[in-house]
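Chain order of the listed sequences is A and B. Under the working numbering, the residues of the first sequence are numbered 231 to 438, in order. Under the working numbering, the residues of the second sequence are numbered 231 to 438, in order.
One should not assume that every hint holds.
The list cannot tell twin chains apart, which means a pair is met if one copy fits it or any two copies do.
[Unchecked claim] The list that follows gives simulated cross-link-like pairs (lysine to any residue, SDA-like), each with its CA atoms no further than 20 Å apart:
{"no.": "1", "residue 1": "K411", "residue 2": "T421"}
{"no.": "2", "residue 1": "K275", "residue 2": "V308"}
{"no.": "3", "residue 1": "K386", "residue 2": "I432"}
{"no.": "4", "residue 1": "K411", "residue 2": "D395"}
{"no.": "5", "residue 1": "K420", "residue 2": "I403"}
{"no.": "6", "residue 1": "K437", "residue 2": "N360"}
{"no.": "7", "residue 1": "K386", "residue 2": "K437"}
{"no.": "8", "residue 1": "K294", "residue 2": "N281"}
In short, the hints are calculated from the structure, not lab data.
Number of protein chains: 2
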Amino acid sequence: MTTGNLFIISAPSGTGKSLLLQLLLKNNILKFNIKLSISYTTRMKRIGEINGKDYYFISKKKFKKMIINNEFLEYAKVFGNYYGTSKKNIDNFLKNNIDVFLNIDWQGAMQVRKKKTQVCSIFILPPSINELHRRLYIRGKDHIDIINQRMLQSKKEIYHFHEYDYLIINNHIHDAIFDLKNIIYAEHLKTKIQFNIYNKLIKKLLKE
Amino acid sequence: MTTGNLFIISAPSGTGKSLLLQLLLKNNILKFNIKLSISYTTRMKRIGEINGKDYYFISKKKFKKMIINNEFLEYAKVFGNYYGTSKKNIDNFLKNNIDVFLNIDWQGAMQVRKKKTQVCSIFILPPSINELHRRLYIRGKDHIDIINQRMLQSKKEIYHFHEYDYLIINNHIHDAIFDLKNIIYAEHLKTKIQFNIYNKLIKKLLKE
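With the rest of the complex left out, here is chain A:
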């Protein structure tokens, strides 16, 4: 009897997904408790990143052990590194009526949909191809080869937009935030969630 919802958010690189999530969690105007799932990864920690905040940084050996123990809701190998979502962590959030966002790609989304029947998936697209290029280049953190690799990855990701429940076009970040909040709010009005809140009332109405 949880009132927490599981959300998947996917987008090609350079769509502004990270900023969107950051703003959603920072300016929590919604009355719901929302958390971003922290992934496990085997990739090297970048400067400024904090273990347990940005990722749980673990060894390949430990990651593979977790795979064998079936501890992941989803995992993937991207650019030679593993990334995964802990089943236990997600279930703990949901049990405590917390909405959880999974910031994962289409392959992860597919794995989650197979394991969780109640999941709301959202895809973000850039407003134009030029804007996508621009956003990928201004990040400036990465080498040109990485950028090109990301561009290719982006296109592969976009092919899967139709597998998602919702589609947001990130033209203006504040409009996109508005859309995202709207989706979260609507998910809380779904009959299964509302029943968990109002089950006493409903039972009374049916008994009378």
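Given chain A, work out where chain B should sit, using these hints.
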């Protein structure tokens, strides 16, 4: 390639559904074009009712002919009278990118779901059993037998809340309107609808 959505709204008598719909259509703050479907009925016109506005009032003979010609998206016999929704009327609205609300009961909803794959159904409940009683009595339009019959009908209707996508508790009418608008807005963010709006952008992003 429509951007119009089909909505079903059901509620037990005395839940305030009619006022809710009235306010939704009157104060159209949403940017979408929303219409309420006008049903065909064989029941007598009440004082103040207008043909083509409140209902299309037709004879039983004509109604039965429409049934035989498969012209109804749904129809039902309630308290000895027929009520039905014209397929053609609904399809015309949707073709013109207009959202249509069907104000029907659970039996009608069931028929529509079988014929239309893309339909969003919303159930409204009163905040308490006392409030339901109060609302049924203050209407004052009807004889006590009719009220009791409606009360029984209400309970039968409530049994079917779980068949609906969304559940709104009509405690305060303005909160219920807010919830309803939120659902309508979110439906327009569904991938299938968004694709119909942004298909050029998506095709461009995929081609690049």
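We went through each hint and held it up to the structure:
1. K411 with T421: both (18 Å within a copy, 16 Å between copies)
2. K275 with V308: Within. Shortest intra-copy distance 15 Å satisfies the 20 Å Cα cut-off; inter-copy 67 Å does not.
3. K386 with I432: Classified as between: cross-chain Cα gap 13 Å, same-chain 46 Å, threshold 20 Å.
4. K411 with D395: Result: close both inside a copy and across copies, 15 Å intra and 19 Å inter.
5. K420 with I403: Intra 26 Å, inter 19 Å, cutoff 20 Å: inter-copy only.
6. K437 with N360: between (60 Å within a copy, 13 Å between copies)
7. K386 with K437: Cα proximity of K386 and K437: across copies only (11 Å, versus 53 Å in one copy).
8. K294 with N281: Within. Shortest intra-copy distance 19 Å satisfies the 20 Å Cα cut-off; inter-copy 70 Å does not.
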